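**Student:** For this one, chain A is given, so just place chain B on it according to the hints.
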Amino acid sequence: MIEIKNLTKRYGDKTAVDNVSFTVNDGEILGFLGPNGAGKSTTMNILTGYLSATEGQCIIGGHDILEEPTEAKKKIGYLPEHPPLYMDMTVDEYLSFMYDLKKVKVRASKKAHISAICDLVRITEVRGRVIKHLSKGYKQRVGIAQALLGNPEVLILDEPTVGLDPKQIIEIRTLIENLSQNHTVILSSHILSEIQAVCDRVIVISRGKIVADDTEENLSNRLSKDFRYEIRVEGPRKEVQQLLETMPQMKEVLFNGEKEKGVFEFQVEAKGNIDIRREMIKRINERGWMILGLRSSAMTLEDIFLQLTNDTYADEKAPVEPETEAAEAELGVEESVEEVFSAMEEAAVEESVPVDASAEDNKEEES
Amino acid sequence: MSAIFRRELQSYFKGPLGYIYLAIIFFFGGMYLQYQVGSVQTNEISTIFSNMFSIVLFTTPLLTMRLMSEDNRQKTDQALLTAPVSLGGIIWGKFLAAFMLFFIGICSTFVYFIVLSAMSSPDWTMFAGNFVGMLLLGAALIAIGLFLSAMTESQMIAAISAFAVMFLVMMLDSIAAILPTQLSFLSAAIAALSFMTPYNDFTSGILDASNIVYFISVAVVFNYFAIRVLEKKRWS
Numbered sequence: 001m002i003e004i005k006n007l008t009k010r011y012g013d014k015t016a017v018d019n020v021s022f023t024v025n026d027g028e029i030l031g032f033l034g035p036n037g038a039g040k041s042t043t044m045n046i047l048t049g050y051l052s053a054t055e056g057q058c059i060i061g062g063h064d065i066l067e068e069p070t071e072a073k074k075k076i077g078y079l080p081e082h083p084p085l086y087m088d089m090t091v092d093e094y095l096s097f098m099y100d101l102k103k104v105k106v107r108a109s110k111k112a113h114i115s116a117i118c119d120l121v122r123i124t125e126v127r128g129r130v131i132k133h134l135s136k137g138y139k140q141r142v143g144i145a146q147a148l149l150g151n152p153e154v155l156i157l158d159e160p161t162v163g164l165d166p167k168q169i170i171e172i173r174t175l176i177e178n179l180s181q182n183h184t185v186i187l188s189s190h191i192l193s194e195i196q197a198v199c200d201r202v203i204v205i206s207r208g209k210i211v212a213d214d215t216e217e218n219l220s221n222r223l224s225k226d227f228r229y230e231i232r233v234e235g236p237r238k239e240v241q242q243l244l245e246t247m248p249q250m251k252e253v254l255f256n257g258e259k260e261k262g263v264f265e266f267q268v269e270a271k272g273n274i275d276i277r278r279e280m281i282k283r284i285n286e287r288g289w290m291i292l293g294l295r296s297s298a299m300t301l302e303d304i305f306l307q308l309t310n311d312t313y314a315d316e317k318a319p320v321e322p323e324t325e326a327a328e329a330e331l332g333v334e335e336s337v338e339e340v341f342s343a344m345e346e347a348a349v350e351e352s353v354p355v356d357a358s359a360e361d362n363k364e365e366e367s
Numbered sequence: 001m002s003a004i005f006r007r008e009l010q011s012y013f014k015g016p017l018g019y020i021y022l023a024i025i026f027f028f029g030g031m032y033l034q035y036q037v038g039s040v041q042t043n044e045i046s047t048i049f050s051n052m053f054s055i056v057l058f059t060t061p062l063l064t065m066r067l068m069s070e071d072n073r074q075k076t077d078q079a080l081l082t083a084p085v086s087l088g089g090i091i092w093g094k095f096l097a098a099f100m101l102f103f104i105g106i107c108s109t110f111v112y113f114i115v116l117s118a119m120s121s122p123d124w125t126m127f128a129g130n131f132v133g134m135l136l137l138g139a140a141l142i143a144i145g146l147f148l149s150a151m152t153e154s155q156m157i158a159a160i161s162a163f164a165v166m167f168l169v170m171m172l173d174s175i176a177a178i179l180p181t182q183l184s185f186l187s188a189a190i191a192a193l194s195f196m197t198p199y200n201d202f203t204s205g206i207l208d209a210s211n212i213v214y215f216i217s218v219a220v221v222f223n224y225f226a227i228r229v230l231e232k233k234r235w236s
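Quick note, the sequences are listed as chains A and B, same order. So that you can map any letter, position 242 of the first sequence is 242 in the working numbering, and since no number is skipped, the others follow by simple counting. So that you can map any letter, position 234 of the second sequence is 234 in the working numbering, and since no number is skipped, the others follow by simple counting.
Hint data in this document are derived by calculation from the structure and do not stem from the laboratory. Certain hints may be false.
[Stated by the list, open to error] Listed next, the stretches of chain B that the computed footprint assigns to chain A, with coverage defined by at least 3 CB atoms under 8 angstroms from CB atoms of chain A:
hint	segment
1	11-18
2	69-80
3	84-92
4	120-126
5	228-236
The structure displayed is predicted, hence computed values, not measured ones. Ideal Cβ positions, reconstructed from N, Cα and C, are used throughout, including at glycine.
For reference, chain A alone in the conformation it holds in the complex (with noise of 0.2 angstroms):
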């Protein structure tokens, strides 16, 4: 369906994004994950046609944006990063404008398709109101609603959920995984947790290169090579600690705080790929003590561009071990209930079993 063939843009010295290559097949989601200036917004103006690239070619269903235009943009649906409203217009006129502007061709009437998009991004109450006047939440699902007029085939969207609540956060990844259908979609964003929620497929980028092409899993199981937890522990600090420390896998014993009266925290790393829970809660145990919380450490985004773009990430796939996958499972439980905290704090932090407050603030400061 989309076709990027060495894509290089320059701004003069700059290079944004420097010889990118990849394909999108029919129906899939692409996440497009990167942080800020790595080039997301670059690569997604590109292939609707707003920039033009120093080199390099991109085809949309067979036609190429520079040499068929016209046809090549019939078939995209593009939020851009600012939802490209005009404020002194209502809703309905500026759905209404869209709607002409993009020659849109449905078997529905134009007002029956509006109304049915509308519905489709709970816009249906603002209709009447003037852009400008609404909220964010509003403003940026106005965005949508016009991305998707027409039913376009390909649905670009470059940070689709900034400025929305938690609720709508989730209503529009439920909403682009439903589009998935009958559509093929690329959507961007720095914040993983969106990302894993909703495509088949991720593009790490940053500095312009692509430095990650692969599905969700395997880019989690390639990246959690280091198996860390965190671990809570009743009992006296020091010599659980020790206990720790001894263990014969274990690389790094770091200790987080007194989280409750008596309860302590420990950051545990293991050597190589070794699954050390049972042995910790084997050791603790014939101690007496009691273990209140394990966990795996969370895998932030952060961390995920440490890795990818320290030179120790080669393309070879880390083996996966049975343990991995019992991990992962684990984090797939954990995976709902965090969904709507990273929505909320827009942080990256991932799969983690809702503790106190203050343990989720030091993360955020952390991250």
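**Tutor:** For chain B alone, coordinates are given in the frame of chain A:
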């Protein structure tokens, strides 16, 4: 193109701009008519048109200042440039919207003509020639203003630069006249660029093809420049 044309035309009347523009045109037009009928006591409509030259010159920036600059600022140009519309479609749509409002404004001269007809029998061919001249002048000036608007994100800068250019257009003949004799080749060139001379030909009843071509080509060239500005933005 038609979607852009309709939106732009509507947006003039979303705020005060369109009304202010029409009010200025109607006010000065009416004033000159009153002067013509009340003080000079002729049915000569050409004088109204020639007096309107400077009014049109200095109100055109109002029409054009917002056309592209507002899109550049609000990033709505992204919607336009990623829609299946050509760059030419965008620029000509906007140009025609401004031209339409201008046309509505100068249609008031029909009323003047009817008023004059009620009292006397003015020459309608004269009126038609004047009207065509006015339309062509407006088209050329709007294209210049649109080009300036496309180059900036600020309505203010678009307006001020357009005013400056309009002032220059008005001064062209005077500049040509005051140049020293050593620079006579230059003064001929400057005089050739004059808007006033060809426009005055229209108001004095001369329908010269070269004047028509001149105004139309100015409009086409500046619209083409505006399209190039959009194109350049993609590549920079």
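**Student:** Taking the hints in turn, state whether each one holds.
**Tutor:** Quick rundown of the hints versus the structure:
1. 11-18: Our answer is that it holds, as 3 residues pass the Cβ test (under 8 angstroms) against chain A, meeting three.
2. 69-80: The restraint on the segment 69-80 of chain B holds, since 7 of its residues have a Cβ under 8 angstroms from chain A and three suffice.
3. 84-92: holds (count 3)
4. 120-126: With 0 residues close enough to chain A, the hint is violated.
5. 228-236: holds (count 3)
When held up to the earlier numbered hints, the structure conflicts with hint 4 and nothing else.
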